[in-house]
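Note that the protein sequences, when read in sequence, are chains A and B.
Just so it is clear: in the first sequence, position 94 is 94 by our numbering, and no numbers are missing.
Just so it is clear: in the second sequence, position 169 is 169 by our numbering, and no numbers are missing.
Note that these hints are calculated values from the structure, not bench results.
Treat the hints with care, since some could be wrong.
Put simply, identical chains are the same to the list, so a pair is met inside one copy or across any two.
Simulated crosslink set (DSSO-like; lysine-lysine; CA at most 30 Å straight-line) [claimed, not checked]: (1) Lys256 with Lys175; (2) Lys22 with Lys62; (3) Lys62 with Lys2.
There are 2 protein chains.
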Amino acid sequence: MKSVRQLGEDNLIARICGDLPKPAHVLVGPGDDCAVVGAGEELVLLKTDAVVAGIHFLHDAKSTRVGWKAVARVLSDFAAMGGEPGELLITLALAPEVSVDWVDGLYRGMSSCLEQHGGVIVGGETTSLPEGTPTMVSVAGKGRVARANLVTRSGGRPGDDIYVTGRLGGSIHGKHLDFTPRLREAAWLVNNSRITAMMDLSDGLAKDLPRLAQMSGVGFELNRDSLPCSEGSTLEQAIDDGEDYELLFTSSDDLKPAWDEKFPELEITRIGTLIEGAGDSIEGGWDHFQR
Amino acid sequence: MKSVRQLGEDNLIARICGDLPKPAHVLVGPGDDCAVVGAGEELVLLKTDAVVAGIHFLHDAKSTRVGWKAVARVLSDFAAMGGEPGELLITLALAPEVSVDWVDGLYRGMSSCLEQHGGVIVGGETTSLPEGTPTMVSVAGKGRVARANLVTRSGGRPGDDIYVTGRLGGSIHGKHLDFTPRLREAAWLVNNSRITAMMDLSDGLAKDLPRLAQMSGVGFELNRDSLPCSEGSTLEQAIDDGEDYELLFTSSDDLKPAWDEKFPELEITRIGTLIEGAGDSIEGGWDHFQR
Chain A
1 MKSVRQLGED
11 NLIARICGDL
21 PKPAHVLVGP
31 GDDCAVVGAG
41 EELVLLKTDA
51 VVAGIHFLHD
61 AKSTRVGWKA
71 VARVLSDFAA
81 MGGEPGELLI
91 TLALAPEVSV
101 DWVDGLYRGM
111 SSCLEQHGGV
121 IVGGETTSLP
131 EGTPTMVSVA
141 GKGRVARANL
151 VTRSGGRPGD
161 DIYVTGRLGG
171 SIHGKHLDFT
181 PRLREAAWLV
191 NNSRITAMMD
201 LSDGLAKDLP
211 RLAQMSGVGF
221 ELNRDSLPCS
231 EGSTLEQAID
241 DGEDYELLFT
251 SSDDLKPAWD
261 EKFPELEITR
271 IGTLIEGAGD
281 SIEGGWDHFQ
291 R
Chain B
1 MKSVRQLGED
11 NLIARICGDL
21 PKPAHVLVGP
31 GDDCAVVGAG
41 EELVLLKTDA
51 VVAGIHFLHD
61 AKSTRVGWKA
71 VARVLSDFAA
81 MGGEPGELLI
91 TLALAPEVSV
101 DWVDGLYRGM
111 SSCLEQHGGV
121 IVGGETTSLP
131 EGTPTMVSVA
141 GKGRVARANL
151 VTRSGGRPGD
161 DIYVTGRLGG
171 SIHGKHLDFT
181 PRLREAAWLV
191 NNSRITAMMD
201 LSDGLAKDLP
211 RLAQMSGVGF
221 ELNRDSLPCS
231 EGSTLEQAID
241 DGEDYELLFT
251 SSDDLKPAWD
261 EKFPELEITR
271 IGTLIEGAGD
281 SIEGGWDHFQ
291 R
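Start from the sequences, fold in the hints, and give me the full structure.
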């Protein structure tokens, strides 16, 4: 019998999603940063994301930072659709020996992120795990986006420039635990320019840019020399490392001048172009089942 | 440092929830079957629930039944608020050695439950677990309820009769994997009678009835002899066993005649009365961190 390791994460998801029905009120189903449902001028964003000890954080990570990360990952996905956070549910799966202090810190971290970026915890669940099992925190959230502001991964067109916010690579050295979800920046982008496609970088540019291109039905040319590498990161790490949580987006507008005026403290960089046909290919990035 | 085992599940939840803000549009926050948000005549229900191998299902359970259970638990909570299911997100946390067949079966089970009871999967997440870690399936869902039909746990009044649907106890022998979420029955109840408080029985009557009474600010008298025990279950098991997934509700109407006509195949039983003051106490039920 084939294991999910042999199949790989993208194939597993494709297999799961192939059989799911998609009613008319589901505007965006599985495969984008969030699901989008609704019929009016304000649409509902739905997203779930989980962090697991030993996978997404080390066992000795401060729980305030784990809480921040768990929540910020979902907020980052709301940003990637051009939306804003609403109500969150927290599933906490813990072995009974976990300390109450650890849980207190976790919720302080989550609350701190929500105070700064919006969103409110309205419920959740606690469940026990067998002793010794790594802790898991799953965050499910409802957000909202004006229909006019909705940006999916699939709107990219040949000729669009490809942009990223911030710098890439080396997030593992700390940023993955206290990154800033780019809600403010995404809101400005969708309100002040024509963004054709957008996603957040969670599995590394090498995985995520091909996903955006594929969903847009286009290829891409990547200008490797232009890639903004984090301090201490190599070009390979900027391409390969996961958990940047920066925005990857495409537009035919020259966005840089207005951006630089609005956000002098956070750069955007044009890293390539969408093209017709196959284009470049990049190898690497993070596959959850094939590490 | 105190562990969550020492604190216990209810205390842990109380501690977590004590510090959470509750904005005005959050009608019901943590502590009820679902969170309720919104402002119009149709309200949004939000719920998340998880099943873990070795805790909620045995490692050799058929994955179609695990999928059914994972989804039906959330549907049961929508029922308990008088609502109906909408969109679901599935978080699948798997060790890489899990077989693809197992995952296929899981989704078949989930889809089968949704086809029969409503609701649609719109997305989710897959994440890896360290090898050997038990599989976890977390289901987050958005449902809806007409404002006029919303039933919480906190509306019970002294003098109300306490009812349960079906029979209690012994769910572990199989029913916990393929129970029927009581959506149809709950919808009929909220549309055809005055239900003052309602919840679904997931942690055993011994845990859940005191919760309903406490949230309603009343006591209860339980008529133990009236308890409808499942075939082969003792009275103690009917009180103590978790995962009945029947409805527990209160009303001052005499509901039985109309119910029996509408649902001849599923009994309801009057098992006691809400009273002013302390009333009975019952020991037992399921605590996730103190088994």
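If any of the earlier hints don't hold here, list their numbers in rising order. none
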